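*Asks:* Single-letter residue listing:
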Amino acid sequence: MTMTMGEDNSIEAEGLVREFKNGPRAVDGIDLRVEPGEIYGFLGPNGAGKSTTVLMLTTLLPPTAGRASVGGFDVVEQGPEVRSVIGAALQEAALDPHLTAREHMRLQTALQGLPHDERKSRGDELIDRVGLSEAADRKVGGYSGGMKRRLDLALALVHRPRVLFLDEPTTGLDPQSRTSLWDEVSGLAAEQGVTVFLTTQYLEEADQLADRVGIINDGRIVAEGTPAELKSEIGRPSVEISTRDEARREEAAALLSRFGSPIPTGRGAVEVRLDHGIDDLGGIVREFDAAGIELASLVLNEPTLDDVFLAKTGRHLEGEGAEEAGEGES
Amino acid sequence: MNGPYLSAALGVCWRYLHNLYTRPSMFIPSLVFPLFFLAAFAGGLSVVGDAPNFGYYDFTAFQFCFILIQASTLAGVFAGFSIASDFEQGMGRRMMMATAHRSSIVLGYTLGAAARLAVTWTVVTGAALLGGMEVAGGGLDLAGIYSIALLSNIAALLFAAGIALRFRSIQAGPLMQLPVFIILFLAPVYVPQELLTGWIEPTASVNPITALLNAARSLMAGEPTGVLTAFVVVLGMIALMAVWALSGMRKAETAG
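Order-wise, the sequence lines are chains A and B. Numbering-wise, the first sequence is residues 1 to 330 according to the numbering used here. Numbering-wise, the second sequence is residues 1001 to 1256 according to the numbering used here.
Be aware that one or more of the hints could be misleading.
Said to hold, decoys possible - Simulated restraints on C-beta separations:
no., chain 1, residue 1, chain 2, residue 2, range
1, A, Q91, B, L1178, 30 to 36 Å
2, B, F1036, A, G47, 47 to 53 Å
3, A, K139, B, G1138, 53 to 59 Å
4, A, S144, B, Q1171, 45 to 51 Å
5, B, T1203, A, G15, 51 to 57 Å
6, A, K139, B, E1223, 48 to 54 Å
As the list claims (entries may be wrong) - Here's a subset of chain B near chain A, in silico, CB distances under 10 Å, partners left out:
no., residue
7, W1014
8, V1123
9, G1126
10, Q1193
11, T1197
Claimed, not checked - To be clear about the criterion: a stretch of chain B counts as covered by chain A if any three or more of its residues have a C-beta under 8 Å from a C-beta of chain A, and this derived list gives those stretches:
no., segment
12, 1002-1013
13, 1098-1106
Hint data in this document are derived by calculation from the structure and do not stem from the laboratory. Bear in mind that the values here come from a model prediction, so they are computed numbers and not experimental data. Cβ atoms here follow ideal geometry from the backbone N, Cα and C, with glycine treated the same way.
Okay, chain A solo, but in the shape it has when bound (with noise of 0.2 Å):
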């Protein structure tokens, strides 16, 4: 499917609210725009409201306040035309480990209403496409994850939507089964202008899949751009050192100061927000040279988007610490 002319495959939410009876707001006053063929990135932490606006967005949970339309159409008043032009894969695949890859899309291709013509040949491309040929013909119940995913994503492509909801869609994957659904959906973005609203608790998946991030900690959005602008708004990268000396590290941390402010560092090792950026660590090599200081280890940290959710909600993403470790290393 292409996007044709007149089609409105927007995301338009304005002072969205969910409040549960006895609970705390899960989404406390969501605006945000999502333009056609964009892949929007919803990124925060358990909890966050991130699942519980999707559901708000398939007409899945009726909002307490506010609005929203998906496609051009009011999610509260309009929701069979809502259903009609979406697809999800929710956080938890729906699938019945009964039925077998090619009886799931059986069921999908007649609730969403397929021409009879279509169905068998519609769910075999599918099928194919995101890799399950081979095992079409077995029972869900003994799928992988990441099969499972697959199908459910193929599952939710069934009616060529032209929004498609992506819950948390690689949790549990493997590296190889996350790569290769990240190809598949900056595809149906950039081939078939399909519009992407994807949560994710995983700064990687934000950084490479999506155009926008919008940021969520506690039903709320606290910073929302593409990734570049979000961590611009952070500023410069920071350069990490350790000695191999553990008596010099005072005196490497006094040369180090020189070239920007001190950032507190649990790991031995002594961190500074460089002043002039990268453009800094041609000088802080030649003056640990210099001073005959040897250095076991220097590690540039550009920021990232935990640094920004660090920024913006004075807490790092749960989960994220070891992946982001390794990020930025040169």
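Starting from the structure of chain A, add chain B where the hints point.
*Replies:* Chain B only, in chain A's frame:
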């Protein structure tokens, strides 16, 4: 009812029947249940038919009418279990997401519950005939009996669907099954209504199942009485339970 609406309902129906008939653990108990009652009531209690003033031509036929309505009604309840299970395990959400008009989901289960009766009826009727049941009524009378059974199945399914969609958990199973079970057994199960005494007599007289049972038994005997009343009662139950089921769907939509 447009094409996509019916298509969605048939999709739900297909999956329900597919899972039912490919999983003996789901299917066999629902057949054993009525067969057990048939053997216990029509066989073990056959001497009841010799009671003074019993006034019915064949005790097996007398019991068969109850077993048929009971099996049909419980088949509707069992379909309600499937709805609850589907919503508990996420398939309900898939269906809610994919169908433009969600009442098609309820229609799909209704069609599935009705379709499963074909096997149940064949087995129960076959067993009753093998057990020596005499059929006094004609073809039209039998059509009347099976129509009453079908409509009671639909009413029970809609009742169970209303519960299932409100609770969205298989733990609500007893809430679906118990009321139906109780109302069935508060009808004149073992003896004609005229022979009931004590508290059961006035209870049975206001029990809607009594009207269905009496009509079915009269049709089986080839002497139809109260048939129109029975159809009015069961259609009224369906109308009431349809409202209950669809309001349950609204609850499920609100809960997310």
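*Asks:* Now look at each hint and say whether the structure bears it out.
*Replies:* The hints, checked one at a time:
1. A/Q91 <-> B/L1178: 30 to 36 Å: holds (35 Å)
2. B/F1036 <-> A/G47: 47 to 53 Å: holds (50 Å)
3. A/K139 <-> B/G1138: 53 to 59 Å: Distance hint for A/K139, B/G1138 is violated at roughly 47 Å.
4. A/S144 <-> B/Q1171: 45 to 51 Å: violated (30 Å)
5. B/T1203 <-> A/G15: 51 to 57 Å: Given a distance of about 55 Å, which is inside 51 to 57 Å, the answer is holds.
6. A/K139 <-> B/E1223: 48 to 54 Å: holds (52 Å)
7. W1014: holds (7 Å)
8. V1123: Result: violated, 23 Å to nearest chain A Cβ.
9. G1126: violated (28 Å)
10. Q1193: violated (44 Å)
11. T1197: violated (50 Å)
12. 1002-1013: holds (count 8)
13. 1098-1106: As far as the segment 1098-1106 of chain B goes, the hint holds, because 4 residues have Cβ atoms under 8 Å from chain A.
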